[in-house]
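Which chain is which? The protein sequence lines are A and B, in order.
In this text, residue positions in the first sequence follow the working numbering: the first is 1, and each later residue adds one.
In this text, residue positions in the second sequence follow the working numbering: the first is 315, and each later residue adds one.
Don't read these hints as lab results, they were simulated from the structure.
Among the hints, a few may not be true.
Here are some of the chain A residues that sit facing chain B, going by a computed Cβ distance under 10 Å [as the list claims (entries may be wrong)]:
hint	residue
1	L40
2	A97
3	V101
4	L163
5	G204
Model, not experiment: these values are computed from the prediction.
The C-beta atom is built at its ideal place from N, Cα and C for all residues, glycine as well.
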Amino acid sequence: MTEAGVAAAGQTQAQLQQAALRRRQRLALEKQQRRYIRELLTPEGAVLHLKIATFAERAGAFLLDFIFQWGIVLLVAYGVGVMTMALGWGGWQIGQAFLAVFVFIFRNFWFIFFEMGRRSATPGKRIVGLRVASRDGGALKADAVFARNFMREIEVGLPLTFLFGIGGDLSGVLALFGFLWAGIFMFFPLFNKDKLRVGDLVAGTWVIHAPRDKLMADVVSSVSAEQHSGFSFTPAQLDAYGIHELHVLEDVLRQAPKEVREEVAQRIRAKIGWQRQPNENDRRFLEAYYAGLRRRLEQRMLFGQKKIDKFDTR
Amino acid sequence: MTDLLKSYRFREEREGDWKALEALLKRAESGGARQLSDEDMMALPRLYRQAISSLSVARSISLDQNVIVYLEGLCSRAYFFVYGTRSTFGERLALFFRRDWPAAVRSAGLSTLLAMACMFGAAALAFTLCMMDMDWFWAFNDNMMGGRNPNATTEYLRSTLYTEDAHAADMLGAFAAQLFSHNSQIALFAFALGFAFGLPTAILLMYNGVILGAFVAVFTDRGLGYEVMGWLLIHGVTELFAIVLAGAAGFVIGRAVAFPGKLSRMASARDAGRRAALIAAGCVVMLFLAGLLEGFGRQMINSDVVRYAIAGTTAIIWLSYFYIPRRGRISAELEARA
Numbered sequence: 001m002t003e004a005g006v007a008a009a010g011q012t013q014a015q016l017q018q019a020a021l022r023r024r025q026r027l028a029l030e031k032q033q034r035r036y037i038r039e040l041l042t043p044e045g046a047v048l049h050l051k052i053a054t055f056a057e058r059a060g061a062f063l064l065d066f067i068f069q070w071g072i073v074l075l076v077a078y079g080v081g082v083m084t085m086a087l088g089w090g091g092w093q094i095g096q097a098f099l100a101v102f103v104f105i106f107r108n109f110w111f112i113f114f115e116m117g118r119r120s121a122t123p124g125k126r127i128v129g130l131r132v133a134s135r136d137g138g139a140l141k142a143d144a145v146f147a148r149n150f151m152r153e154i155e156v157g158l159p160l161t162f163l164f165g166i167g168g169d170l171s172g173v174l175a176l177f178g179f180l181w182a183g184i185f186m187f188f189p190l191f192n193k194d195k196l197r198v199g200d201l202v203a204g205t206w207v208i209h210a211p212r213d214k215l216m217a218d219v220v221s222s223v224s225a226e227q228h229s230g231f232s233f234t235p236a237q238l239d240a241y242g243i244h245e246l247h248v249l250e251d252v253l254r255q256a257p258k259e260v261r262e263e264v265a266q267r268i269r270a271k272i273g274w275q276r277q278p279n280e281n282d283r284r285f286l287e288a289y290y291a292g293l294r295r296r297l298e299q300r301m302l303f304g305q306k307k308i309d310k311f312d313t314r
Numbered sequence: 315m316t317d318l319l320k321s322y323r324f325r326e327e328r329e330g331d332w333k334a335l336e337a338l339l340k341r342a343e344s345g346g347a348r349q350l351s352d353e354d355m356m357a358l359p360r361l362y363r364q365a366i367s368s369l370s371v372a373r374s375i376s377l378d379q380n381v382i383v384y385l386e387g388l389c390s391r392a393y394f395f396v397y398g399t400r401s402t403f404g405e406r407l408a409l410f411f412r413r414d415w416p417a418a419v420r421s422a423g424l425s426t427l428l429a430m431a432c433m434f435g436a437a438a439l440a441f442t443l444c445m446m447d448m449d450w451f452w453a454f455n456d457n458m459m460g461g462r463n464p465n466a467t468t469e470y471l472r473s474t475l476y477t478e479d480a481h482a483a484d485m486l487g488a489f490a491a492q493l494f495s496h497n498s499q500i501a502l503f504a505f506a507l508g509f510a511f512g513l514p515t516a517i518l519l520m521y522n523g524v525i526l527g528a529f530v531a532v533f534t535d536r537g538l539g540y541e542v543m544g545w546l547l548i549h550g551v552t553e554l555f556a557i558v559l560a561g562a563a564g565f566v567i568g569r570a571v572a573f574p575g576k577l578s579r580m581a582s583a584r585d586a587g588r589r590a591a592l593i594a595a596g597c598v599v600m601l602f603l604a605g606l607l608e609g610f611g612r613q614m615i616n617s618d619v620v621r622y623a624i625a626g627t628t629a630i631i632w633l634s635y636f637y638i639p640r641r642g643r644i645s646a647e648l649e650a651r652a
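Pulled out of the complex, with its shape left as it was, chain A reads as follows (with noise of 0.2 Å):
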């Protein structure tokens, strides 16, 4: 069977038409996220990918730490509260002053004091997955902290005070125009590519995501070479998918239920003209397809050739 052949067998225009604009719309995804991919060069000249925070990450990261920070702040006022009042209030003002020390510390140090620590995180960015880095791929500095920190003033600090404002001794128009003004500060990660607020502008930082992947079992690490005894394929059939698509199989083989299996399965049979043997497993199929797959699109792109996907007829 021929390659054209091979990628023609029971398709219609109208299918093979959509399966192009599936390809179109994939690509245009693929570049999508490629905004946000910045590239680090290392002094041993490899190229490290780092992925931007988007505004919607770092939104959450924020509103995670200011709910520890003040949650952490309202339950140590509780319990000073408790404790000063089974004293009988006589020692509240001791009370009241540790607690403003507590609050002035926590309200001043907290992102601080995480974000100089060695994961360069507050609590809320490692819970979403981000990092600060300085953005020319040297070391945090410590006066980096400080600055995009302490820039948080303008940033949310003097939003809401044009906000609690509108109701209080400011002019109603004043204090709306002032809160638009001061929304330029807050909604700033919005406006550039890199999505830094004025804080990162200033101190030379940005938010990047701080990946923890684990590596899993290689998927030909199961396949032994008995089974595949039952399995050879020909070149033309090795040469029906590309690379997007021998990933899409890693992906299958690693997470998806059986009943997706058995129907990629069923799909490449078809694709390929597989004929299927009696008792043929599912999975074993796939993963020896995946070895002879991967084997050879390794061997082709040593060769230069990358086959990016099934429509690339190299």
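Position chain B relative to chain A; hints supplied.
Same frame as chain A, now just chain B:
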């Protein structure tokens, strides 16, 4: 198909080192560099370079996306560790007080003078206007000064300056109140507003100065000028200096953003921002100390002379701390790590 994939053999060979690096990083990230033995610290750069080379190889020979994603993450983590700061929080703090803070303040001399001119110029103006016609007071202040306005009696005004019998508890209360006072808010605002080309910083400083000037004028009008200055300066030297420095930090940023010179606007803002942030961080410390002075010093000490003496001493301490150049005695090792 009896032989294994090349990419699989490659992975099998290197996998142990990747796992070792991952374990090392996990330990380092959770407990700081002290959790690592000397042996680990020696191994880390080697394992890091190994992982980097693995990544480069994997990109060109392997199509196992999990391996590549994993290696990319591992290498980034290791990169930030290997090329990140190694100093502990304590070392950073020591360096901040011994070198960085005074150096940053020294480098912002002109901005400090400008901030001072804004605040004290406005204070002098308000003071003069009020002394000529006390009605000006109402233009500058709402009645937010705890009844300390031109309508109060001289006796009442005098009584606000001294504490008859101070309890430790009252001092704590006053200290607490100070930490949340208007002024400690103003300082960080003055810094952050510098980003808007420094103009709001100037306005804020002037506004603060005007209130101050009018306040002093009320007392001076009743012949309490000498007394009120003692009351004010015992902590005011520290507090007002902090506000002036915060304003100066704002001006440093404002100037860098408005007039970047040969640098790009981004680079200029970054350089100035980091320098100015050191000043602002120091202001927080100063405001804390001012709170202590106000809460305890002012309540305990009711003698004008002693108040002035303390004010003068703090002024000398701050000025010599910031502006007397010192020989750097910071060890090269600390320098390299921080």
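Failing hints, ascending? Hint 4 alone not satisfied by this model.
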